[in-house]
Every structure is written in structure tokens, then in C-alpha cells.
Amino acid sequence: GAGVSQSPSNKVTEKGKDVELRCDPISGHTALYWYRQSLGQGLEFLIYFQGNSAPDKSGLPSDRFSAERTGGSVSTLTIQRTQQEDSAVYLCASSSQWDTQYFGPGTRLTVL
Amino acid sequence: QKEVEQDPGPLSVPEGAIVSLNCTYSNSAFQYFMWYRQYSRKGPELLMYTYSSGNKEDGRFTAQVDKSSKYISLFIRDSQPSDSATYLCAMSRGPNTGNQFYFGTGTSLTVIP
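Just so you know, the protein sequences line up as chains H and C, in that order. In my numbering, each residue carries its 1-based index in the first sequence increased by 2. In my numbering, each residue carries its 1-based index in the second sequence increased by 1182.
A hint or two may mislead.
Listed below are the simulated EDC-like cross-link pairs for lysine to aspartate or glutamate, each with C-alpha atoms no more than 20 Å apart in a straight line [claimed, not checked]:
no.	chain 1	residue 1	chain 2	residue 2
1	H	K59	C	E1185
2	C	K1184	H	E46
3	C	K1224	H	E46
4	C	K1224	C	D1265
5	C	K1249	C	E1197
6	C	K1224	H	E16
Partial list, derived from the structure: chain H residues whose beta carbon lies under 10 Å from chain C [as the list claims (entries may be wrong)]:
no.	residue
7	G5
8	S11
9	F47
10	V91
11	F105
FYI, nobody ran anything at the bench for these hints, they're computed from the structure. Here the structure is a predicted model, which is why all the values come from computation and not from measurement. Every residue, glycine too, gets a C-beta built ideally from N, C-alpha and C.
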């Protein structure tokens, strides 16, 4: 069956511009996670959705970052006024059980 | 101090070797321990999952957890070139605790034919 998909696969933007990253989870998965992966830094937790609500936003690094999920399915991560330090791979994962996450291929964001 | 520490490597071994990958952690509340494999430019995929202390075996892979030492290991027997990837450990306190997972930085492994 279809796995987690993310778009775009690559995004190059200029400093100060806004970007939107999209995640399509596996159908029926109620939990959705966003992570950021930088070289040598491992996976950094950003936000977790259960259904459409986000009980844990503790990982969002600043108020420039926001995320929403609609219809218990697609999620969008928005970064406003991008900075060079935002350059990373943004990974989305979905889960039907809290202990098993399925990851998408990621969006590689480069801020010039 | 990071919640989870993992030696980034890189680790290079000949085909057929036994590989040992390790992580240490500081939070004694962690109960669930996972290993993920990540190929280049792909998302991580779950390899092994264990609860509390003990060993778990799946084919050529064995996951080991020592909660008293706050130390987890992944052993790969008869390593193959296809095992070349980055291996990430992850851990969690469990359900109803914020559902947050903590990851190591990953160890890059190359298996040389």
C-alpha cells in the first residue's frame, strides 16, 4: 500500500521567504509527527498531532514555525521568514499505534 | 547533556563481520527502545523495537537493552553490503507521556564487499 508521502522533495528558497511543506500520512493513521534532521544532529522532534489537534508543540523552534492538520489526514508545516539555520531535511511520520512510526522520504530545504 | 548519545562513526567493516552499534541515554523513564535504518536520501525505517531490558532477535539482528546501565545495542551478524546505511536509536517513555520520541544522531555504517 501507499506509504507516507511528502512534497516537495526539495525546496530552495531565499532568506526571508515563507515555505510550506506537505505531508500525506498513511490512510487511517491517527498520529502524525514532524521532525527536522540536520547533519550530525539526529532527528529533532518538532510537533505531534493526534487527529487534528496538536497536544505537543514543544519542539517547534520559534514562532516562525507552525503546523496544521486537516481532516485527520494531510498536514502542512509552514516556516515564515526563513533563515539559513532552517536548512535541513524535514521528515514526517505517521502512526496508528504510538510505538511504530512510518516515515516519509523527507523534504530537503535549503535557505540561501 | 543530550537525552540520547550515539557515536556517529563512520564505521566500516568487511562483509561477514559482526557489527555492534550502541547508544546511551540519561532519562531513566525511557521504557521503549527502537532501532531505525536510514538509507541515503530516504526516511528512517523501523528495524527493531524492544520494551524494557532484555534481548530481542530478528534474523541477523539482535537488539539488547540494559536499563541499569542506560545502554542499548544493536548487533548485526554476517553483515552484508546492503546493510550499509545510517542506524538511529530511538526511545520513548511510553504511551500517554506526550508521545515524544528521542533519537540518537545516527551511526553511519559501510559494509565492504
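**Study point:** Violating hint indices (sorted, rising)
**Key:** 5 and 6
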